[in-house]
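Chemist: Start from the sequences and build out the full structure, keeping to the hints where you can.
6 protein chains.
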Amino acid sequence: MADQNPNTFPATLQTNTVEEGFDLAIMLSRLGVKKTQPNMKILRKLRPKYANDADSLTAASQVIALNFQTIAAANNYWRG
Amino acid sequence: MADQNPNTFPATLQTNTVEEGFDLAIMLSRLGVKKTQPNMKILRKLRPKYANDADSLTAASQVIALNFQTIAAANNYWRG
Amino acid sequence: MADQNPNTFPATLQTNTVEEGFDLAIMLSRLGVKKTQPNMKILRKLRPKYANDADSLTAASQVIALNFQTIAAANNYWRG
Amino acid sequence: MADQNPNTFPATLQTNTVEEGFDLAIMLSRLGVKKTQPNMKILRKLRPKYANDADSLTAASQVIALNFQTIAAANNYWRG
Amino acid sequence: MADQNPNTFPATLQTNTVEEGFDLAIMLSRLGVKKTQPNMKILRKLRPKYANDADSLTAASQVIALNFQTIAAANNYWRG
Amino acid sequence: MADQNPNTFPATLQTNTVEEGFDLAIMLSRLGVKKTQPNMKILRKLRPKYANDADSLTAASQVIALNFQTIAAANNYWRG
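Sequences listed follow chains A, B, C, D, E and F, in order.
First residue of the first sequence: 9, per the numbering used here; consecutive thereafter.
First residue of the second sequence: 9, per the numbering used here; consecutive thereafter.
First residue of the third sequence: 9, per the numbering used here; consecutive thereafter.
First residue of the fourth sequence: 9, per the numbering used here; consecutive thereafter.
First residue of the fifth sequence: 9, per the numbering used here; consecutive thereafter.
First residue of the sixth sequence: 9, per the numbering used here; consecutive thereafter.
If you are wondering where the hints come from, they were derived from the structure by calculation, not from laboratory data.
There's no promise every hint is true.
[To be verified] List time: in silico SDA-like cross-link candidates among lysine to any residue, alpha-carbon distance up to 20 Å:
#1 LYS53/F x ALA59/A
#2 LYS43/F x ASN60/A
#3 LYS43/D x THR20/D
#4 LYS43/A x LYS53/A
Modeler: What follows is the structure, encoded as structure tokens:
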């Protein structure tokens, strides 16, 4: 899912599993970046620095946590 | 939606699709900036630096995630 | 609303429109600053630097997003 | 309320007005600092620098916004 | 509670008072640090710098605010 | 749980105890990092710096707090 087309927006926040929900949270976090800087060449150029910086990675994990809150609520926490 | 008139505030937080909800979250995030610094000339001058900085882009994605939480709740997560 | 008297606190979080709710979120965000630093002369002196820094503006937008979450919930998301 | 004794913890999160709720949010935000650094002499020494830094003030406003979310929910948003 | 054994995890998030709930929020915030860096010698060495930095203290207060949101909800805001 | 295989995603957010819920929050926070930077060699290289920096540890604790909010809600706060 990480490399999926950023232009394909999910039609729903519902997922079958917790893991798919987490992957969707990652996708939304990246979309937030891509919609702000749509130039993929620039994004690829920025990646090495930020993927090798612990604080940048923690910040990325924080955005994922926020989006996962939304998706978990949307799925009623997969309580089943 | 990204380039829409910042003075046109949405009358509702309800959207037809998840994607429109995400676009609205982006718009609110930008409105938060524009209401703090209404001078568009200055905002355009700031853009190159921040759109080329990975940490700035992650921070932008974080604000979008917070506004998306609000909009997703407003739409009852588009549970349909 | 942006320039209203910081000493006039709203009696309610309910607003008629989404836009008024967003303006109230901005007001609460500024109040958080003013209650920490009540000296308006100092606040005015700080403004030029922070209103010309993209990361400061994103941080301001983040606080607005948090307060907008509160106000949107208080208004039951203006579901009407 | 800003200068109240930090050792007097409120017995309840319920307040009569929105403004009192906001003041309580400020008090909890300061308590979070004081419980981490209880030495008031040090805290007073730190104040000048942080009260004159726009980004520090925005960060303080962010913590207040988080605590205000809690207190507003505790008061059912003073819907009355 | 601040100095309690970090290995004694609470069996419940329910507390008798608001103040105990706030203390629990502080404990969870510290646990988040200790689980990431379990070496107490290193943590003690880091303390002087961070306990004398206003921005570090605000960041600590922010984590406490987030955990207090969780604990307040768990206690139904001690509405009594 | 800290060293568990990052590829084993939990099938559920439900846990038996508060402590297991907190451990799951830590795991999700690390997953957010690992999904962004899957190269474990790089992650191990980054650890010494960030595990010895008070602000990095506070930021890690913040992400854990956000994920713990999700997990605590998923478990109805273990109200029992």
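Chemist: Give a verdict on every hint.
Modeler: The hints, checked one at a time:
Distance restraint check for LYS53/F and ALA59/A: the Cα-Cα separation of roughly 12 Å lies within the 20 Å cut-off, and the hinted pair is therefore satisfied. Under the criterion of a C-alpha separation no larger than 20 Å, the hint pairing LYS43/F with ASN60/A is consistent with the structure, at around 13 Å. Restraint check for LYS43/D and THR20/D: the C-alpha separation of about 19 Å stays at or below 20 Å, so the hint holds. Restraint check for LYS43/A and LYS53/A: the C-alpha separation of about 16 Å stays at or below 20 Å, so the hint holds.
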